[in-house]
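Asker: Chain order of the listed sequences is H and P.
Taking the numbering used here, the leading residue of the first sequence gets 1, the next gets one more, and so forth.
Taking the numbering used here, the leading residue of the second sequence gets 1001, the next gets one more, and so forth.
Keep in mind that the hints were calculated from the coordinates and are not lab data.
All residues carry an ideal CB built from backbone N, CA and C; glycine is no exception.
Be a bit skeptical, because a hint or two may be false.
[Unchecked claim] One side only, chain P facing chain H, incomplete, derived with CB under 8 Å:
| no. | residue |
| --- | --- |
| 1 | D1063 |
| 2 | N1066 |
| 3 | C1067 |
| 4 | I1086 |
| 5 | S1089 |
| 6 | Y1092 |
| 7 | V1116 |
| 8 | Q1123 |
As a plain string of letters, each chain reads:
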Amino acid sequence: MNEIVSLCHDNDVDILLLAESKITDVQLLKALNQKGGRLYIAPFNPSVKIQIFIRYPLNCYKLISDDGGIAIRQLIPPIGKDIIIVALHLQSKLHMKENEQIYQSVRIASAIEHAEQQVGHSRTLVIGDFNMNPFEDGIVGADGFHAVMDKVIAKKVCRTVQGKECKYFYNPMWSRMGDSSPGPPGTYYYSGGHVSYFWNTFDQILLRPDLLDYFSDGNWQVLTKVGDFNLLSDNIGIKPSTSDHLPIIITLDIERGM
Amino acid sequence: METKNLWGDIPSVEKIKTPFAILKEQAAILSELTKGLLIGHCVIKKEANKFILTLAIVAPALDNYNCKVLQIYHDISMYPLNLTDIIMSRQYNCSDEQTYIQILGNVLSSDKTKKVIVGLLAQIESNDTKE
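Build out the structure end to end from the sequences listed, making use of the hints.
Answerer: The following block contains the structure:
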């Protein structure tokens, strides 16, 4: 819990999303708000898989839909553009075959488009544990998330595939894979099986092109340290004492132009 | 020569209640219990040889906020069917109508489902007070 609190205060986090946390809302709120200042609140959240804490007034947060491990919310900040946040924690490969993950991606993509039609814009951020790497079919497929590695392509907004218009997401995670990239080689470490990537990038952020004006490459990272506490193991991988995934932090400059 | 009926007796359809019909009844009951503040929304789709039933709680006063509660898969013979409690990520296999009704009841009346319903009603009431 201390690491989460430090992470939020050190990085001035306005929205905290947690998956698979064993800490209750009340326990974490008390710790987050211990020092005073801008208070975090835990608005009503039907999701059992994702916890949401915000440092905004309650009327800035609207429920859009929930479907298991997918929580879709609208954030309407006091200043700046409102955005859609899709927080997700998808089933692991232990419980879902690859083709099932693809079907799930198609379903989620449809839910996102429905939310965008409901809200009236496509300033959408998808964030969480996809349990898929950026190159997997569920992430890349046109009917799935259709997430591409190139902003120039993403800014084309959509393309027509077999008669259907398919909207793009931009996936910045491609630039953070492998040990030559900034930060750690991935977000989740697993070394089992005949075919093993060892470092996986299951935790991802995807952005619609309409959000790219408020996003820059220097304003997001996969964290490996919280204060002086190193999240990485001394040997290789991630220290199991905190989480088996590394956190991602992103800043969107949605007040720009106001 | 009279043609012999090889089909046998075909049971009256009125006596058979489909899983979707049972689900729709419960969806309607939610709407009654909450005086229309929450709507039980049922959808049935057919994919390949499977029927896919989904039940969601919809809050019209919260801009039609939609929370999926469960999903059911069955084939043309209806049973056994597979029921997924989406909120709790649990799956159940229901071998017959009796088991289906029992499991359905457990899911709909679970603490977590009630928490969702109460939370949504509280939000609706709260928004109503402000206006």
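Asker: Now tell me if each hint is right for this structure.
Answerer: Here is how each hint holds up against the structure:
With 8 Å as the threshold, the beta carbon of P:D1063 comes within range of chain H, its nearest partner Cβ sitting at about 7 Å, so the hint holds. The closest approach between the C-beta of P:N1066 and any C-beta of chain H is roughly 4 Å, which is under the 8 Å cut-off, so the hint is satisfied. Proximity of P:C1067 to chain H holds as hinted, the smallest CB-CB distance being about 4 Å (cut-off 8 Å). At about 4 Å, the closest approach between the beta carbon of P:I1086 and any beta carbon in chain H falls short of 8 Å, and the interface hint on this residue holds.
The criterion of a C-beta within 8 Å of any C-beta in chain H is met by P:S1089, whose closest approach is roughly 6 Å, and the hint holds. The beta carbon of P:Y1092 comes no nearer than 15 Å to any beta carbon in chain H, farther than 8 Å, and the hint placing it at the interface is violated. With 8 Å as the threshold, the beta carbon of P:V1116 comes within range of chain H, its nearest partner Cβ sitting at about 4 Å, so the hint holds. Because the smallest distance between the Cβ of P:Q1123 and any Cβ of chain H comes to about 6 Å, under 8 Å, the interface hint for this residue holds.
Hint 6 from the earlier list is the only one contradicted by this structure; the remaining hints agree with it.
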